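Enquirer: Each chain is listed here by its residues.
There are 2 protein chains.
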Amino acid sequence: MITDPLADLPTLEDIEDAAARLQGITVHTPLLRNEALDAVVGAPVWIKPETLQRTGSFKMRGAWNRISRILEADRPRGVVAFSSGNHAQGVAESANILGLKATIVMPADAPRAKIEAARGRGATVRLYDRVKESREGIAAEIAAQTGATTIRPFDDAWIMAGQGTAGLEAATDAKRKGVAFGSLICNASGGGLLSGIATAFEALSPETEVWAAEPAGHDDTIRSLAAGRIVSNDPGYRSIADALLTPEPGVLPFEVHKRRLKGGFAATNDELLDAMSFAFHHLKLVVEPGGACSLAVLLNNRAHFAARGPVLIILSGGNVDADMFTQAIRRTPPA
Amino acid sequence: MITDPLADLPTLEDIEDAAARLQGITVHTPLLRNEALDAVVGAPVWIKPETLQRTGSFKMRGAWNRISRILEADRPRGVVAFSSGNHAQGVAESANILGLKATIVMPADAPRAKIEAARGRGATVRLYDRVKESREGIAAEIAAQTGATTIRPFDDAWIMAGQGTAGLEAATDAKRKGVAFGSLICNASGGGLLSGIATAFEALSPETEVWAAEPAGHDDTIRSLAAGRIVSNDPGYRSIADALLTPEPGVLPFEVHKRRLKGGFAATNDELLDAMSFAFHHLKLVVEPGGACSLAVLLNNRAHFAARGPVLIILSGGNVDADMFTQAIRRTPPA
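Taken in order, these protein sequences are the chains called Y and U. Residue numbers for the first sequence, in the numbering used here: 1 to 335. Residue numbers for the second sequence, in the numbering used here: 1 to 335.
Keep in mind that the hints were calculated from the coordinates and are not lab data. The structure displayed is predicted, hence computed values, not measured ones. Be aware that one or more of the hints could be misleading.
[What the hints assert, rightly or not] Dumping the calculated DSBU-like pairs for lysine-lysine here, alpha-carbon to alpha-carbon at most 30 Å: (1) 258/U / 175/U; (2) 258/U / 177/Y; (3) 175/Y / 101/Y; (4) 177/Y / 175/U; (5) 262/U / 175/U; (6) 175/Y / 175/U; (7) 132/Y / 262/Y; (8) 132/U / 175/U; (9) 175/Y / 132/U; (10) 262/Y / 177/Y; (11) 175/Y / 132/Y; (12) 262/U / 177/U.
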């Protein structure tokens, strides 16, 4: 069991413990099939739509698992977090349920939908300039001034264990259906979700290959795996996948990645928009650019994944502005 | 058990029999919750997203239950159906799986997405003019010429039993979760889905009130219930809910409606677009205008339904063009 969340790696036991805590709070998202996707890929594909999770992304899982553990004595000082948007929703919603004050440091250019949603959940939003300011610095200052507990987005074993409950659900549901995934594709940024799911599958379905999906130009996880050490992205933003723009993999997640990942693939902006269009026209799901990365990777590497048998893809989030979504769905979906 | 599908009414046994036939063909759609919807309604709401069903609507359930019963001797002559779009997909997909030729009579002004999807499923589409031509007449002529089996959209006990499997799933899943719905809201046009679900709930959850949702100006089910006999809509089309524009309730469905329905509510075009926007922004689901009617009715009659406890809404379809969807999601969702 986790004793130091900033140093330990989560185990299946920690993920099961998180799942018990999430009961009645989060959605046990289903495993979906879609005949059009099966047809274009040439293999059975199972979809885990974390778009349908409370707050519109998987981030609620980790945030609740972390925030619900804050000791009574520390609760009056609230929580602080930095986030491009989805972690913000999970933190704000969890704090709101528990009656804790939440301050979220968000980039000024984050999707309006995400900024407004955090405010709607009762959080105080502190906007910052992605180029000129350090979000870590601002959050640290707020924590020092107020005594608020900092809720890290991924480098925390409780967060990783919380996100891993998505993998526990998928592996358990698949077993009940008699399905064995040859591979799974999961979006990667800091790596909280990917490492949590990889840990669950290591215990429950070790034969399933785990692959990372990243935005082109932000393929730090893929390059770090190849280098055997953490490698950062060049500064600047080249992708519309606002949820996946962390500079490099987290230290704790990368320990799991090194042990469990087979590799990864990157998707361009055009490929992300095409995948969103496919999700609209065929899956009938609203998926944000970063959330659609796994689908984009699958659609652009069909033979690679079809050769491995049944595929699981995680659609990690659906918090997208109407403008961006409109741009995507006007495109003819990949056939 | 059904002996004459054009005269008998389905029972729970028929619905269970249909469910067994649908195994491995259709999706057991989940029951979803959404915190934003609960909050605005003031009661727990459960969502049955038939948008995620194979072919993008519930229609696959009835079509498969009917078409898979066609005798071997009759199969070479294929099937014929008339449909504004969703029944077309269910018929085309079912026929395609079984290797039967399908001819679908569709209005020339049906959403492009629906016409193209039927063709994509291998069907021959015969377009007709909604004002000048009779779809029933064209379909009857094709059936007479080719010997094809006519697949009615709702006035057929096997079709009703097939659609009723959505109710069987919802009632069974709710029981497993320990939920008892005070009311359910289901979209109504010919009434195949509504009567099928009402039949399942009559047996499995008789205390749940069943309410119809209809487009304003096409509230024939509501007016027929009030009159105690089938009443037609005025000719012409006043609603964007292309899936719900049948002139009057079917004869067989209306027998169930009279026995089981508490009443109904109508939704205007603005209310349908607002509901689609709510589904995009909060539920992260792609819902077509007709499919969103139950949600629109709930959002516009919150106190009525909240007073009855937990609510079940059926989102019946998600086959919508990008243009119509864009128009909807630019609207600020109801708060």
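Enquirer: Residue 132/U and residue 175/U: Cα distance at most 30 Å?
Expert: Since the Cα atoms of residue 132/U and residue 175/U sit roughly 49 Å apart, the hinted pair is violated (cutoff 30 Å).
Enquirer: Are the Cα positions of residue 132/Y and residue 262/Y separated by 30 Å at most?
Expert: With Cα atoms ~36 Å apart, residue 132/Y and residue 262/Y exceed 30 Å; violated.
Enquirer: Quickly compare the C-alpha distance for residue 175/Y and residue 132/U to 30 Å and report which way the hint goes.
Expert: violated, 55 Å
Enquirer: Under the criterion that the straight-line Cα-Cα distance not exceed 30 Å, is the pair residue 262/U, residue 175/U satisfied?
Expert: Holds. Residue 262/U to residue 175/U sits at ~22 Å (cutoff 30 Å).
Enquirer: Below or equal to 30 Å on CA atoms is what counts here, so check residue 175/Y against residue 132/Y.
Expert: Violated, at about 49 Å.
Enquirer: Starting from residue 262/U, check that the Cα of residue 177/U is at most 30 Å away, please.
Expert: holds, 25 Å
Enquirer: Checking one constraint from the list: CA of residue 258/U to CA of residue 175/U, max 30 Å. Satisfied?
Expert: holds, 26 Å
Enquirer: Please work out if residue 258/U and residue 177/Y have their alpha carbons no farther apart than 30 Å.
Expert: violated, 39 Å
Enquirer: With the threshold set at 30 Å, check whether the alpha-carbon distance from residue 262/Y to residue 177/Y stays at or below it.
Expert: Since the Cα atoms of residue 262/Y and residue 177/Y sit roughly 25 Å apart, the hinted pair holds (cutoff 30 Å).
Enquirer: Holds or violated: residue 175/Y and residue 101/Y, Cα atoms, limit 30 Å.
Expert: violated, 40 Å
Enquirer: Compare the distance between the alpha carbons of residue 175/Y and residue 175/U with 30 Å, and conclude whether the hinted pair is satisfied.
Expert: Measuring from Cα to Cα gives roughly 23 Å; hence the hint holds.
Enquirer: CA of residue 177/Y to CA of residue 175/U, is that 30 Å or under?
Expert: Holds, at about 21 Å.
In this structure, the earlier hints numbered 2, 3, 7, 8, 9 and 11 are contradicted, and the remaining ones agree with it.
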